[in-house]
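Each chain, written out:
There are 2 protein chains.
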Amino acid sequence: MTPEDFAPDVLEEAAAAAETARASDSLDEENTLKRDFVRKVRALLDAGEDDQVYDLVEPLHPADIADLFELLDADERPLLAEAITDLMGSEVFAELNDHVRELLVESLPAGEVADIAEQLDTDDAVAMLEDLDHEDQQAVLAEMEPEDRAAIETALSYPEESAGRLMSRDFVAVPEHMTVGDLIDFLREGSDLANEFWEVFIVDARHHPLGTCQLSWILRCPRSIALTDVMKRDQTLIPVDMDQEEVALRFQKYALISAAVVDGDGRLVGQITVDDVVHIIQEEAGEDVLLLSGAGDGDINEPIRMTIRTRLAWLVVNLGTAILASSVVGLFQGAIGRFALLAVLMPIVSGMGGNAGTQTLAVVVRALATNQLTSSNTWRMIGREFRIAMANGLALGVLIGLGVGLVFGNAHLGMVIAAAMLINNLMAGLAGILVPVTLDRLKVDPAVSSAVFVTTMTDTTGFFSFLGLAVLTGLA
Amino acid sequence: MTPEDFAPDVLEEAAAAAETARASDSLDEENTLKRDFVRKVRALLDAGEDDQVYDLVEPLHPADIADLFELLDADERPLLAEAITDLMGSEVFAELNDHVRELLVESLPAGEVADIAEQLDTDDAVAMLEDLDHEDQQAVLAEMEPEDRAAIETALSYPEESAGRLMSRDFVAVPEHMTVGDLIDFLREGSDLANEFWEVFIVDARHHPLGTCQLSWILRCPRSIALTDVMKRDQTLIPVDMDQEEVALRFQKYALISAAVVDGDGRLVGQITVDDVVHIIQEEAGEDVLLLSGAGDGDINEPIRMTIRTRLAWLVVNLGTAILASSVVGLFQGAIGRFALLAVLMPIVSGMGGNAGTQTLAVVVRALATNQLTSSNTWRMIGREFRIAMANGLALGVLIGLGVGLVFGNAHLGMVIAAAMLINNLMAGLAGILVPVTLDRLKVDPAVSSAVFVTTMTDTTGFFSFLGLAVLTGLA
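Which chain is which? The protein sequence lines are G and D, in order. As numbered in the numbering used here, residues 9 to 484 make up the first sequence, in order. As numbered in the numbering used here, residues 9 to 484 make up the second sequence, in order.
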């Protein structure tokens with residue numbers, strides 16, 4: 009047997025990798041494409057010099073080609089796709105931003121999309137097809153090989169953002185009676201195996217996973233040993249309908265490289281590998297800041313109309329709460345008319361409450377998202393936030409109280425603003441933890457709606473405590 | 009040769025894993041420890057029933073034992089450590105929160121800490137020792153084997169949060185002249201190899217990495233093939249002083265499982281594996297919301313004094329900006345005295361600007377952090393944010409303008425607030441992108457200080473535009 013007869017995929021792949029020249033000339037110190045490089049591509053696309061564009065782009069890693077598409081303007085992207093058709097392999101599509109991919113996919117005929125999808129892992133093919141119109145999706149599926157089509161249709165039947173959409177069906181599973189030697193022979197002879205795998209799953213006769221075996225163990229154990237003696241009995245089976253955020257948390261918690269996905273009957277139906285989870289970990293951890301600020305998923309490649317709609321919806325809700333808070337001020341119009349300085353100082357009290365509330369909210373939302381805050385330590389955390397709010401409320405109250413008292417020569421005013429500052433800080437600390445914890449118990453994502461409630465509370469409490477105390481103590 | 013002679017580590021490990029009973033009784037549906045379980049541990053600790061505590065905790069995964077420590081109150085943690093000394097293996101320490109680990113480590117004698125550190129991978133041992141006082145650190149190092157000590161001292165010589173601190177020195181590297189068969193024999197015979205590895209590095213005579221070989225390729229290639237023919241020529245060498253955030257971005261971008269770390273001379277000095285990077289990806293992506301809100305690193309296990317200090321520092325800076333904004337209102341005291349309704353409505357204009365600014369800020373900070381916003385597309389993004397601000401400013405202006413005009417029967421007032429709302433939204437959109445982009449160019453983390461600038465701008469612009477237009481148009 010010559011090397012050429014054997015595992016040709018592996019050799020081809022290696023040769024291709026070896027050929028890929030280091031493309032560092034086009035990358036800056038942050039490993040993003042240089043501005044000059046992008047400019048040059050742009051100029052050549054404008055001039056219709058497709059061959060030169062091809063030569064420039066050819067040495068790039070697929071991930072960098074995907075970045076290049078995202079950096080170009082929307083109308084330049086199809087031009088680039090035409091210029092580098094040969095390079096538009098499945099890896100590039102797998103790396104593309106969803107919105108950019110959708111536009112490119114829509115500009116291609118169904119047959120071509122089907123060809124690309126067939127080369128992709130199931131999870132990447134699903135990502136490519138799941139956002140298409142039902143009609144376009146059917147057209148593409150109709151062009152695919154029955155086996156690939158079935159795999160994608162099954163994956164699409166699972167809920168969005170579930171393990172079923174994320175998993176790959178390319179994995180290696182072997183029966184429990186095998187020895188290490190049997191497994192090595194199987195791997196060396198099998199021709200239709202997954203391209204890349206890190207662990208082998210051992211299954212029983214009903215295809216239920218019993219354990220996993222790292223390749224490094226297999227390489228280091230005597231051939232005669234039974235797999236069931238070296239395998240690790242798997243602690244982390246992923247149900248096929250598990251939400252991807254939960255999947256990501258398991259991978260993190262148990263430092264997994266790959267994990268078995270099982271259906272409702274406990275049968276092994278797929279595997280998820282850590283490289284598919286890494287971008288979810290990043291997205292899920294990064295989305296809290298976007299959700300808390302009401303910026304939707306904050307994707308800069310999203311069509312601008314969608315972005316405007318998402319952000320406006322949030323702003324209109326906030327307008328409602330701002331009007332509510334201002335109606336509290338309205339109750340004290342008379343006092344403000346008599347003593348306008350109150351209007352000058354009141355935004356300080358409400359604003360500082362907002363700042364303190366946002367601090368607590370950010371900490372609590374992250375602690376909930378990372379499962380650090382659970383029912384076992386909620387009370388301790390509430391106590392902790394109360395003490396922080398008390399300490400900072402006192403400090404800020406003394407600071408602003410002294411300042412106002414001295415600057416305006418009005419000790420009474422100083423005491424009123426100091427007291428209001430303390431009250432509003434306490435409100436901020438308590439609302440900052442109680443609101444997200446309550447929403448979480450009600451199975452509502454605390455990142456999505458907590459901020460509205462908390463700022464409403466700190467705004468109204470800020471105005472009411474400061475203006476109310478002023479009137480109550482006869483200041484105005 | 010019997011199985012017992014061979015690779016005893018592997019077998020022992022597997023047996024241990026097989027013994028670990030599934031601990032699902034103690035976990036809830038979110039895979040966190042049940043409240044009842046934590047309560048029971050607590051009660052038994054109080055009662056001094058250490059044996060029963062041990063029996064309860066023993067089936068848990070090390071990651072769950074670490075979680076248990078974090079869920080207990082600070083004064084209960086040393087009690088638990090005493091009750092389960094045998095179970096306090098290196099894995100538990102590796103999983104512990106930094107602050108919790110520091111306290112536990114400080115309560116142990118140097119010799120015991122040294123024993124634990126010697127069992128850990130270099131990167132975990134470094135994480136355990138790097139936060140100790142210099143004196144305590146030296147005491148522990150003095151108790152360690154010279155080889156382990158040298159490894160840790162070298163790691164500690166690299167900057168904090170750099171690849172050098174993150175990397176492990178346990179990796180498999182082989183010379184370039186080997187064939188697949190040589191490598192397999194080497195792996196099967198080598199006794200002092202890393203416990204877990206996924207790829208093998210191929211190096212030249214000067215120990216410069218030439219490429220990597222996945223274990224699955226080795227298992228599937230004929231023995232006679234030269235490694236240099238199957239290896240992938242590595243595109244992603246990590247310099248030992250690279251910041252961990254950059255490291256995480258590379259792993260994500262190129263979907264790496266492991267990567268070679270090289271020193272200044274290009275020599276292979278360590279490897280970073282994806283499981284060490286996953287928690288960094290999560291931390292770095294999640295920290296933006298904490299930094300933007302001024303909550304420091306938002307660690308709920310941090311000593312409360314540190315938390316108070318961090319948050320108060322931020323609040324005092326914000327107090328300064330709030331006073332600045334209120335001084336703008338002070339310019340218009342006369343007008344407010346004559347027409348107190350201005351004071352009622354002005355917080356709406358400033359607050360809505362703050363909300364819109366926060367939206368843009370969140371999107372831009374994330375886009376910068378994920379390298380999606382680079383110098384190549386900054387202008388397009390500025391244009392995009394301007395169009396969004398214009399659209400939403402017009403919509404909100406019309407809405408509030410009509411509302412105010414109708415409710416108060418004052419068209420003039422309605423037009424003033426509508427115009428102010430539009431102006432402040434444009435300020436919010438532009439400040440929301442220009443401030444973080446400028447800070448990023450100046451190599452300042454935009455998440456840390458952008459929010460102060462942006463809210464100062466939207467507060468002052470909100471007050472100034474609304475009150476200024478009111479006075480300028482003769483409303484008050």
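Keep in mind that the hints were calculated from the coordinates and are not lab data. Heads up, some of the hints might be wrong.
Said to hold, decoys possible - With a straight-line Cα cutoff of 20 angstroms, these simulated DMTMM-like cross-link-like pairs (lysine to aspartate or glutamate) come out:
#1 G:LYS451 / D:ASP190
#2 D:LYS42 / G:ASP283
#3 D:LYS240 / G:ASP36
#4 D:LYS451 / G:GLU204
#5 G:LYS240 / D:GLU66
#6 G:LYS451 / D:GLU38
#7 D:LYS240 / G:GLU99
#8 G:LYS240 / D:ASP283
#9 D:LYS240 / G:GLU66
#10 G:LYS42 / D:GLU37
#11 D:LYS42 / D:GLU110
#12 D:LYS240 / G:ASP283
#13 G:LYS451 / D:ASP36
#14 D:LYS451 / G:ASP283
To be verified - Per label pair, the in silico range of CB-to-CB distance:
#15 D:VAL456 / G:MET398: 24 to 30 angstroms
#16 D:ALA321 / G:GLU253: 31 to 37 angstroms
#17 D:LEU95 / G:ARG388: 19 to 25 angstroms
#18 G:ASP106 / D:SER115: 46 to 52 angstroms
#19 G:GLY328 / D:MET398: 49 to 55 angstroms
#20 G:ASN379 / D:THR446: 32 to 38 angstroms
#21 G:MET398 / D:HIS216: 56 to 62 angstroms
#22 G:ASP59 / D:VAL456: 54 to 60 angstroms
#23 G:PRO67 / D:HIS216: 38 to 44 angstroms
#24 D:THR446 / G:THR446: 49 to 55 angstroms
#25 D:ASP190 / G:VAL456: 52 to 58 angstroms
#26 G:PRO67 / D:PRO67: 51 to 57 angstroms
#27 D:THR446 / G:ASP249: 23 to 29 angstroms
#28 D:ARG346 / G:ASP36: 56 to 62 angstroms
To be verified - In silico negatives: residues of chain G with every beta carbon more than 10 angstroms from chain D:
#29 THR40
#30 ASP75
#31 ASP141
#32 ALA150
#33 GLU168
#34 ASP283
#35 ALA330
#36 GLY338
#37 ALA351
#38 GLY411
Ideal Cβ positions, reconstructed from N, Cα and C, are used throughout, including at glycine.
Hints and how they fare:
no. : hint                                    : result
1   : G:LYS451 / D:ASP190                     : violated (56 angstroms)
2   : D:LYS42 / G:ASP283                      : violated (30 angstroms)
3   : D:LYS240 / G:ASP36                      : violated (23 angstroms)
4   : D:LYS451 / G:GLU204                     : violated (39 angstroms)
5   : G:LYS240 / D:GLU66                      : holds (18 angstroms)
6   : G:LYS451 / D:GLU38                      : holds (12 angstroms)
7   : D:LYS240 / G:GLU99                      : holds (16 angstroms)
8   : G:LYS240 / D:ASP283                     : holds (18 angstroms)
9   : D:LYS240 / G:GLU66                      : holds (18 angstroms)
10  : G:LYS42 / D:GLU37                       : violated (47 angstroms)
11  : D:LYS42 / D:GLU110                      : violated (25 angstroms)
12  : D:LYS240 / G:ASP283                     : holds (18 angstroms)
13  : G:LYS451 / D:ASP36                      : holds (15 angstroms)
14  : D:LYS451 / G:ASP283                     : violated (30 angstroms)
15  : D:VAL456 / G:MET398: 24 to 30 angstroms : holds (26 angstroms)
16  : D:ALA321 / G:GLU253: 31 to 37 angstroms : holds (33 angstroms)
17  : D:LEU95 / G:ARG388: 19 to 25 angstroms  : holds (24 angstroms)
18  : G:ASP106 / D:SER115: 46 to 52 angstroms : holds (50 angstroms)
19  : G:GLY328 / D:MET398: 49 to 55 angstroms : violated (22 angstroms)
20  : G:ASN379 / D:THR446: 32 to 38 angstroms : holds (37 angstroms)
21  : G:MET398 / D:HIS216: 56 to 62 angstroms : holds (59 angstroms)
22  : G:ASP59 / D:VAL456: 54 to 60 angstroms  : violated (46 angstroms)
23  : G:PRO67 / D:HIS216: 38 to 44 angstroms  : violated (21 angstroms)
24  : D:THR446 / G:THR446: 49 to 55 angstroms : violated (39 angstroms)
25  : D:ASP190 / G:VAL456: 52 to 58 angstroms : holds (57 angstroms)
26  : G:PRO67 / D:PRO67: 51 to 57 angstroms   : holds (53 angstroms)
27  : D:THR446 / G:ASP249: 23 to 29 angstroms : violated (46 angstroms)
28  : D:ARG346 / G:ASP36: 56 to 62 angstroms  : holds (58 angstroms)
29  : THR40                                   : violated (5 angstroms)
30  : ASP75                                   : violated (8 angstroms)
31  : ASP141                                  : holds (26 angstroms)
32  : ALA150                                  : holds (31 angstroms)
33  : GLU168                                  : holds (20 angstroms)
34  : ASP283                                  : violated (4 angstroms)
35  : ALA330                                  : violated (4 angstroms)
36  : GLY338                                  : violated (5 angstroms)
37  : ALA351                                  : violated (3 angstroms)
38  : GLY411                                  : violated (8 angstroms)
In this structure, the earlier hints numbered 1, 2, 3, 4, 10, 11, 14, 19, 22, 23, 24, 27, 29, 30, 34, 35, 36, 37 and 38 are contradicted, and the remaining ones agree with it.
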